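2 protein chains.
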Amino acid sequence: MMEFVINQDMLKTATTNSGALFYQELGAYSGVNKVAAKVMHDIKLVFGYLPQATGDRTKLAKHAIIYGTVEHSPMLQKLAEQKRIDLATITGKREVFLFQVIEQPFEGVESALIIAGSDKRGAIYGLFHLSEQLGVSPLVNWNSVKPARKEVFSLGTNFIYTSKEPSVRYRGFFINDEWPAFGSWTTHNFGGFNAEMYDHVFELLLRLKGNYLWPAMWSARFSDDGPGLANAELADEYGVVMGASHHEPCLRYGEEYKYLRGADSKYGDAWNFITNRDGIIKFWENGLKRSGQFENVITVGMRGEQDTAIMDKESTLADNIAMLRDVLKTQNQLIREHVNPNLAEVPRMLALYKEVEPFFYGDKDTQGLINSEELENVILMLCDDNHGNLRTLPTEDMRDHQGGYGMYYHFDYHGGPVSYEWINSSYLPKIWEQMTMAYDFGIRDLWLVNVGDIATQEFPLAYFLDLAYDFDKWGTDAINQTDLYTKQWVDQHFANKFSEFDRDKLFDLLTGYTKLAHNRRPETMNVNVYHPVNFKETDQTLEQIDQLLQIAEELYQAIDAEHLSAYVALAYYPAVGNLNLQKLWLLTGKNNAAAKLGKLEANQLAEQVQACLRRDRALVDQYHTIENGKWYGLGLSEHIGFTHWNEDENQNPVLMQTWPANKPRLVVTVDGTEQHTEGSPWHKHTLLLSDFLQPDIEQASVTISSVSDQEAAYQIINETAWLTCSRLSGSLDGKEKTTEVITFTINRAAMNGETEGSIVIKLPTGACTLLVKATQSKFTELPEQTYIETNGYISIEAAHYFAKQNATNAQGDLHQFHVLQGYGKTLSAVKAFPTTEHFTIGKDAPYLDYQFVLSETGTHEVELYMQPSNSVTNANTLFCGVQLNDNDVSIINVLPDGYQVNDHNWGQGVLSNIHKHVIKIQADKGLNTLRIYAVSPGFVLEKLVIYPEANKPAASYLGPPETYYVGK
Amino acid sequence: MMEFVINQDMLKTATTNSGALFYQELGAYSGVNKVAAKVMHDIKLVFGYLPQATGDRTKLAKHAIIYGTVEHSPMLQKLAEQKRIDLATITGKREVFLFQVIEQPFEGVESALIIAGSDKRGAIYGLFHLSEQLGVSPLVNWNSVKPARKEVFSLGTNFIYTSKEPSVRYRGFFINDEWPAFGSWTTHNFGGFNAEMYDHVFELLLRLKGNYLWPAMWSARFSDDGPGLANAELADEYGVVMGASHHEPCLRYGEEYKYLRGADSKYGDAWNFITNRDGIIKFWENGLKRSGQFENVITVGMRGEQDTAIMDKESTLADNIAMLRDVLKTQNQLIREHVNPNLAEVPRMLALYKEVEPFFYGDKDTQGLINSEELENVILMLCDDNHGNLRTLPTEDMRDHQGGYGMYYHFDYHGGPVSYEWINSSYLPKIWEQMTMAYDFGIRDLWLVNVGDIATQEFPLAYFLDLAYDFDKWGTDAINQTDLYTKQWVDQHFANKFSEFDRDKLFDLLTGYTKLAHNRRPETMNVNVYHPVNFKETDQTLEQIDQLLQIAEELYQAIDAEHLSAYVALAYYPAVGNLNLQKLWLLTGKNNAAAKLGKLEANQLAEQVQACLRRDRALVDQYHTIENGKWYGLGLSEHIGFTHWNEDENQNPVLMQTWPANKPRLVVTVDGTEQHTEGSPWHKHTLLLSDFLQPDIEQASVTISSVSDQEAAYQIINETAWLTCSRLSGSLDGKEKTTEVITFTINRAAMNGETEGSIVIKLPTGACTLLVKATQSKFTELPEQTYIETNGYISIEAAHYFAKQNATNAQGDLHQFHVLQGYGKTLSAVKAFPTTEHFTIGKDAPYLDYQFVLSETGTHEVELYMQPSNSVTNANTLFCGVQLNDNDVSIINVLPDGYQVNDHNWGQGVLSNIHKHVIKIQADKGLNTLRIYAVSPGFVLEKLVIYPEANKPAASYLGPPETYYVGK
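Chains as they are written, first to last, in the working numbering: chain Z, 82 to 1049; chain E, 82 to 1049.
Simulated from the structure, these hints should not be mistaken for lab results.
Since this is a predicted model, take the numbers as computed values, not measurements.
One or more hints might be untrue.
Unchecked claim - Computed spacing ranges between beta-carbons, pair by pair:
#	chain 1	residue 1	chain 2	residue 2	range
1	Z	T447	E	D967	57 to 65 Å
2	E	A831	Z	E277	56 to 64 Å
3	Z	K859	E	D444	53 to 61 Å
4	E	H985	Z	T397	51 to 59 Å
5	E	K816	Z	E277	34 to 42 Å
6	E	D407	Z	K854	41 to 49 Å
7	E	K816	Z	A351	45 to 53 Å
8	E	Q989	Z	T706	55 to 63 Å
9	Z	K859	E	S346	48 to 56 Å
10	E	K765	Z	Q628	37 to 45 Å
What the hints assert, rightly or not - No farther apart than 20 Å at their CA atoms in a straight line, the calculated lysine to aspartate or glutamate pairs in the EDC-like style are these:
#	chain 1	residue 1	chain 2	residue 2
11	E	K677	Z	E719
12	E	K818	E	D620
13	Z	K159	Z	D137
14	Z	K744	E	D729
15	Z	K568	Z	E581
16	Z	K617	Z	E755
17	Z	K744	E	E708
18	E	K744	Z	D702
19	Z	K744	E	E918
20	Z	K677	E	D729
21	Z	K568	Z	E213
22	Z	K677	E	E719
23	E	K765	E	E779
24	Z	K818	Z	D790
25	E	K843	Z	D729
26	Z	K1006	Z	E944
27	Z	K843	E	D729
28	Z	K435	Z	D466
29	Z	K1006	Z	E937
30	E	K744	Z	D729
31	E	K744	Z	E719
32	Z	K1049	Z	E865
33	Z	K445	Z	D478
34	Z	K164	Z	E191
35	E	K339	E	E386
36	E	K818	E	E688
37	Z	K859	Z	E1043
38	Z	K410	Z	E455
39	E	K906	E	E688
40	E	K765	Z	D729
Note that CB positions come from ideal geometry on N, CA and C, so glycine has one too.
Please model the complete structure; the sequences and the hints are all you need to start from.
Structure below.
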């Protein structure tokens, strides 16, 4: 029995005349051969020697690789006829491959690896499958992810693997918003948007198991820049299906019309189907004639130039629909004439983007384009709200549409409320939550993600394409598997670069930075996002950031020079870029807050912010120069302090400086609150320390800060037996030492029924009295998971429900809430499944119970914190059910009245990545149960905050941290 | 004929045995002799030799000075009997003196100067009158104002001058709020609040023609600190009438009770007339016994300790009045017993301060203390609002009160809304306007001004006391004479120190800095007062400040070392202190505004602010060290950035720093407005230059500023023939050169009917279009002084009325408006006279007409800017009459409904030194006349701003600058 083996020896001794590893047929697809050459190069990276390829089977080595495409390979045909392989398992399928070891396919070859594609892309995926098996990363060339060296690779004699058809038909990305970054990069490295560059992009796409691309189109003309048609021809060679963006129909790119139009142009000089019908038709016709030969998904429909509406504001809905119907009819006819008379065989796509959506749905008086014959077999592309939240999704009826559906998703966006184009800020759990819902709702024909400049999006892009390729593995059923995916991704790319211990750190770094970016994207950060003091959210976030930055540096130190570029490009640069930027703004917030109290610490904080600003530039510079400028230009997007939706007039943080007071002065602040005093007898000098009202809190602190640069002493007089202070006196110089944190520890056993204590802090300008309130009991007489209001409010993490009730529908399907781990801005989230279901309370709606004890009877407000889902229906509503104790159930719309994607509420939601909705309850003193029913799809609950009416807890970005519950 | 002569020769040759200048009688008042000794020392300063004094008339020189007091001088008595002098002209009068040269009063003396006082103070004023005639400043010792050297002084043989009785009976000041400044000073220089120090204070008071003092009382006990009674004895010797503050009755100072009280004290341990009646009475009794021997104005009544209410909050008005009546009855009885059985001969004072005011007036149900027998012959002391604005004044009926009235005025205050204790911030025109009204209303028995630490208040204090001493000269009839006073004051103190040219500068410096302090006191300045850009009010104020600072430095350079201390103390330190502080905040405003636009100029401005902060400290240090620490401690009061009513937790300005953008960027701002752009095509990039809508404006400007530290060029394309630009291109480096002002000049002759032009400024990130709107006509077809609305609003200086109408009352008294020059925050003000009159419209009310042309018919708002006068009556109303065109007259209360001194509106008024009141008018397109009638006393109008309803001009502190009027 012969295994299939590749080893260094056989490669070393091979020559062009003998011992070739690859059998290359004359009639094979040239693109498949090109990919085989890439795989050969991969083998060189692994074994040190470039394998040979031959078309003469006598020159093959003892172990050979025979690859080809069904119906394009005499050799495969022959082996199949000899029953050595069974092509029936793949024939007629989409993009599948057979990967099989056979012994002695013919004389001279002892063992062969057969890689047979059901079609061109099947063969290509099969070839790249070999690279993957050899430990070669799909990012081997794109990101210089060098594989581990191997001595030998073997597959058992009976090894056979047949790939599945990809879950989604068209899977790809969109290079967009390509200036200044991608444009500078390709101009610098390749001289333009040409085929030399696209070769790399196509390879990336195919290795990631994608098959579909929207090319760069801001200033580029894909069909001209190759030069000539070289880009399109290369795509076709590789089997890359080309698309064009939603407003670029009939294989014509947007810039083309700008380029060709004019007074003397045969295409006229107006992008107007009414006034320049003939010119536009001619323009489309020639586009289809030119590029119809290639494999495309042809965009149909018509929008205005550069992502604008096509008709003027006075046109009615009916006018628009009629015009669009005419356009579609015309385009279909052109496609029949110039591409394929059988329209059903021509992949076409209409994007229901922006104003096109209403044209599709129509209104009660006007029939939309939905179900019209012009759209038969056309893929209807829906979209997210440009910020990663899906909009309307196909209803059950709509899912019958023959053409199927697509989804246009964003990892990058140039538009309102604030663009994000710099580096990756997408978070896998969100992509999972949203894209699985898309799939569940029947969007399975086209997934396209806008990746901007591509660079730094490789991690979420791989996930997006893997999800699209193998939904069974990563999709709806793989709940809470994004960490597993991330771990695998880390191993795939870094197993030979980092120890397992370091790879765990890298996992932390990737999940950590993307979680923080999920909480707030870099471009939308500013000094007013996180509260500088309340609930210590700034300090705690800074602590997380510093831990992650520490990891990033440790890994930077740990990695070999050979692998540095890959680490920088895939992790260090996007992670540190994100983290440093968040830190920049958090420190600015602290600086501003400190300055407003005259704290000299403000000046030290300002220096720290300046260090972050310098770091930001140094980081981009490093990224631009590493590996001889491989990434030159890709960091050029502005990313600090956006004041408009785009980068224009963006602003670096305004740092505040303080000037020392004239005499020794200290200010005391209660950490986590805005309370402060210098102890003046004439003004507020009693501060409240309320932390110990939470029975699980054992330490709390105040900070003493310098207001002058003169030596200033303080003294602490502790008048409370059950409290201890970390120190009782000290002195600050206001120069080096500008702050001191005093920590108080409670000894609840010594409280003896007391609930209040006090501590006096003597200061140079008076004395501060610290009133300390405390709760002794842990309320263990109450059931576990019962929240206790001890300090004016309760904050509940949605995952910490008291009880969970599943339901079933008439068909017996289980309806239930699941916890989505790591999803949401603090801990996690809960969401009901199946995601497509509109649940009926009392029948099939699952619910969760939250139990809590209030100190007063009366109207309370419950603030629900939710993932900012849009409505999946045209009605723009998103319901859940709420029931307090034995009261009636209220069905509430958690979206504001009249909510619309692109309105102000929506904008706030996508910037903060949260929707909040307040409901009122008439609650009792003592124990209460709040029941939350799932109703509409898209309801994803993260947190509940309960407080007496009009007594909202202090302002914060993340909301109050979870309060005490029994058993916490 | 022999002149009276003093010359160097006679002084030089005089010995103690012969040639004495001063004839000193044994029986003379010792205080008068002490003053004579001071005058002798003055003569030494002038002539270089100390004159001799003798009681032996044979030892007198040929020219002698004979001084004494009527009925206390045998010599004067004899000369009178000899008919050489006529004492009848002074005998029985208050504080007057005869100053007469006579030949050969007796053997051996050829010529004598007789200085005869009607009483002790008359003699003292007469002696100091000689010093003044010799050119010795009243501040000779207090402020080291050294006189010019003289060879000779002579008075003609027939010279005779008899002084007038002072206009106000008791004239003095209050040393208050004496920590940290005055207290540190006297502790450092004299070892406490003792007689050594008070000798200087008494001298200052008497030389300034005052006679009345409230001593320091925060931590001092005047009657104990002398040591012992030395302070009181010295005051009595000098004829200084001692008072005590409004809450310190019966010659007991506030700190005394604190010092003496206690469980075992005979005075008990409660400042409570109900619970500790006997103790309190005993306390008062012993005070009167101890100090009743001296000349006093005895405070009567009772308030709580340390300026608080005496009874608790539950006590009714009637309770309080009854208690106070009992107190007064008791005190009167104690005074009868221990001071003088004839109460009418004992000067007593009740302060109607704070809560005492309602006890005096009572209400409709409760008879107040007004007209009660307990107050017979008691001076009723009214007060300002602590910020220089009088409160209620005696009605005509009340003026009959036998005891007369007093006024407690403030140049310094420790209290809300914000204290002002650092340096002089009082403005003579305001003192004139307020104190003349006090006098007109019959307040003529006691004028007391709180001068805090005294230091730097010498200038307004001299004015206050001169006004009180000679109201005929400086009072109501001396309208607009404060400049004359200031010029005389400058000459009096600096004639021998500066050239006339430099004295003019010093005049500008004194009026300039006090005017700016009048607009805003130092302690109340902050970054939000002046608008950093609107109407260029910050830039223009900075320009004024820089001119004044320049003057201050020029004078500093010009003055001799000998006179430096006087110049620093009287002018340089308070002027530069004020100016530098105003500059500090104005630059901070510019810094903050620049930083918010990302201008790198912000960093340069921050450095300038820091220079001001350093200057502030250096200035105080200089003041503390000059002349061997003569002023040590007097600059210690905090004065920057008050956040409370007192200095606690005051804050230095928060400076904002910018960090350069990543690429060349410039921002254009339209000077005087908040408009700005970097020229982005996606955002606002058309700015409006509206300056030329005012027909008299010929130049306007924009500023181009660096946003990055990279070389950035701009280019200006002028598309308008009637505009010229100061430059058409340029470049900023963002390092040294961060701004460039581009000035546009209009050539109206070339407009040819055009009203709009445009200028394009090309910037690194786009282009800014400057839309230039202009008015060609000067509207000379309209009458002069007609305001023309060309830019949305009209701003009128009150002095620029179109017409003025006087009126007369039944008695034939002329009622008329006068312009108060230099009064008010911008140009001047108008006020109707007599100041005591309540005018009746249609009968005796004078009025002013304002004429203006509007561009639209419709509701307009007229915002009246007024000196923040309080109501002179209990009704808390202040009326004026308003009449538009032929419409009915409206009588409007310009104070907000329910206005009260100490409420929020009042606080805003005293901080900003303005009251604003908006009235609505239904105005016509075209010509309108607005008539303003005087109604209530205290109506002082500074400015009128007219604009269409709800279209208020941009925010500013000083209000929009005056707009165009025909003939401007």
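Verification of the supplied hints:
About 60 Å separates the C-beta atoms of Z:T447 and E:D967, a value consistent with the hinted range of 57 to 65 Å. About 59 Å separates the C-beta atoms of E:A831 and Z:E277, a value consistent with the hinted range of 56 to 64 Å. The hint said 53 to 61 Å for the Cβ distance between Z:K859 and E:D444, and at roughly 59 Å that hint holds. Checked against the given bound of 51 to 59 Å, the beta carbons of E:H985 and Z:T397, roughly 55 Å apart, stay inside it.
Remark: the range hint 34 to 42 Å for E:K816 to Z:E277 is upheld by a beta-carbon distance near 41 Å. Between E:D407 and Z:K854 the C-beta distance comes to about 47 Å, which sits within the given range of 41 to 49 Å. Roughly 49 Å separates the CB atoms of E:K816 and Z:A351, a value that falls within the hinted 45 to 53 Å. Checking the proposed 55 to 63 Å range against E:Q989 and Z:T706 shows it holds: the Cβ atoms sit about 59 Å from each other.
Between Z:K859 and E:S346 the C-beta distance comes to about 55 Å, which sits within the given range of 48 to 56 Å. A C-beta distance of roughly 43 Å is found between E:K765 and Z:Q628, which places it inside the suggested range of 37 to 45 Å. Distance hint between E:K677 and Z:E719 is fulfilled; the C-alpha atoms sit about 18 Å from each other, no more than 20 Å. Restraint check for E:K818 and E:D620: the C-alpha separation of about 19 Å stays at or below 20 Å, so the hint holds.
For the proposed pair Z:K159 and Z:D137, the alpha carbon gap of about 15 Å is at most 20 Å, so the pair holds. Taken as a hint, the Z:K744 and E:D729 pair is honoured in the structure, with Cα atoms around 11 Å apart against an allowance of 20 Å. Straight-line distance between C-alpha atoms of Z:K568 and Z:E581 comes to about 10 Å, which keeps the hinted pair within the 20 Å bound. In summary, the hint linking Z:K617 to Z:E755 is supported, as the alpha carbons are separated by about 10 Å, within the 20 Å threshold.
Among the hinted pairs, Z:K744 with E:E708 is inconsistent with the structure: their alpha-carbon atoms are about 25 Å apart, more than 20 Å. Annotation: proposed proximity of E:K744 to Z:D702 holds, straight-line Cα distance about 14 Å (limit 20 Å). Using a Cα cut-off of 20 Å, the hinted pair Z:K744 and E:E918 is violated, with the two alpha carbons roughly 51 Å apart. At roughly 15 Å between alpha-carbon atoms, Z:K677 and E:D729 fall within 20 Å of each other, so this suggested pair holds.
Among the hinted pairs, Z:K568 with Z:E213 is consistent with the structure: their alpha-carbon atoms are about 16 Å apart, no more than 20 Å. Proposed proximity of Z:K677 and E:E719 is supported: the alpha carbons are some 18 Å apart, at most 20 Å. A C-alpha spacing of about 27 Å is found between E:K765 and E:E779, which places the hinted pair above 20 Å, so the restraint is violated. As the CA atoms of Z:K818 and Z:D790 are separated by approximately 9 Å, the hinted pair is consistent with the 20 Å bound.
Simply put, E:K843 and Z:D729 have alpha-carbon atoms about 15 Å apart, close enough for the 20 Å limit, and the pair holds. With a CA separation close to 19 Å, the supplied pair Z:K1006 and Z:E944 stays within the 20 Å bound. A C-alpha spacing of about 15 Å is found between Z:K843 and E:D729, which places the hinted pair at or below 20 Å, so the restraint holds. For the given pair, Z:K435 sits about 9 Å from Z:D466 by alpha-carbon distance, which is consistent with the 20 Å threshold.
A threshold of 20 Å between alpha carbons decides the hint, and for Z:K1006 with Z:E937 the separation of about 4 Å falls inside it, so the pair holds. Between E:K744 and Z:D729, the direct Cα distance comes to roughly 11 Å. Compliance with the 20 Å bound is thereby established for this hinted pair. Distance restraint check for E:K744 and Z:E719: the Cα-Cα separation of roughly 10 Å lies within the 20 Å cut-off, and the hinted pair is therefore satisfied. For the given pair, Z:K1049 sits about 8 Å from Z:E865 by alpha-carbon distance, which is consistent with the 20 Å threshold.
Restraint check for Z:K445 and Z:D478: satisfied, since their Cα atoms lie roughly 18 Å apart, inside the 20 Å limit. A threshold of 20 Å between alpha carbons decides the hint, and for Z:K164 with Z:E191 the separation of about 17 Å falls inside it, so the pair holds. Annotation: proposed proximity of E:K339 to E:E386 holds, straight-line Cα distance about 9 Å (limit 20 Å). At most 20 Å may separate the alpha-carbon atoms for a hinted pair to count; E:K818 and E:E688 meet this at roughly 15 Å.
For the proposed pair Z:K859 and Z:E1043, the alpha carbon gap of about 16 Å is at most 20 Å, so the pair holds. Between Z:K410 and Z:E455 the alpha-carbon distance is near 6 Å, which keeps this suggested pair within the 20 Å criterion. With a C-alpha separation of about 29 Å, the suggested pairing of E:K906 with E:E688 is violated against the 20 Å cut-off. Proximity of E:K765 to Z:D729 is assessed by CA-CA distance (about 11 Å); at most 20 Å being required, the pair is judged to hold.
Of the numbered hints given earlier, the model fails hints 17, 19, 23 and 39; all others are met.
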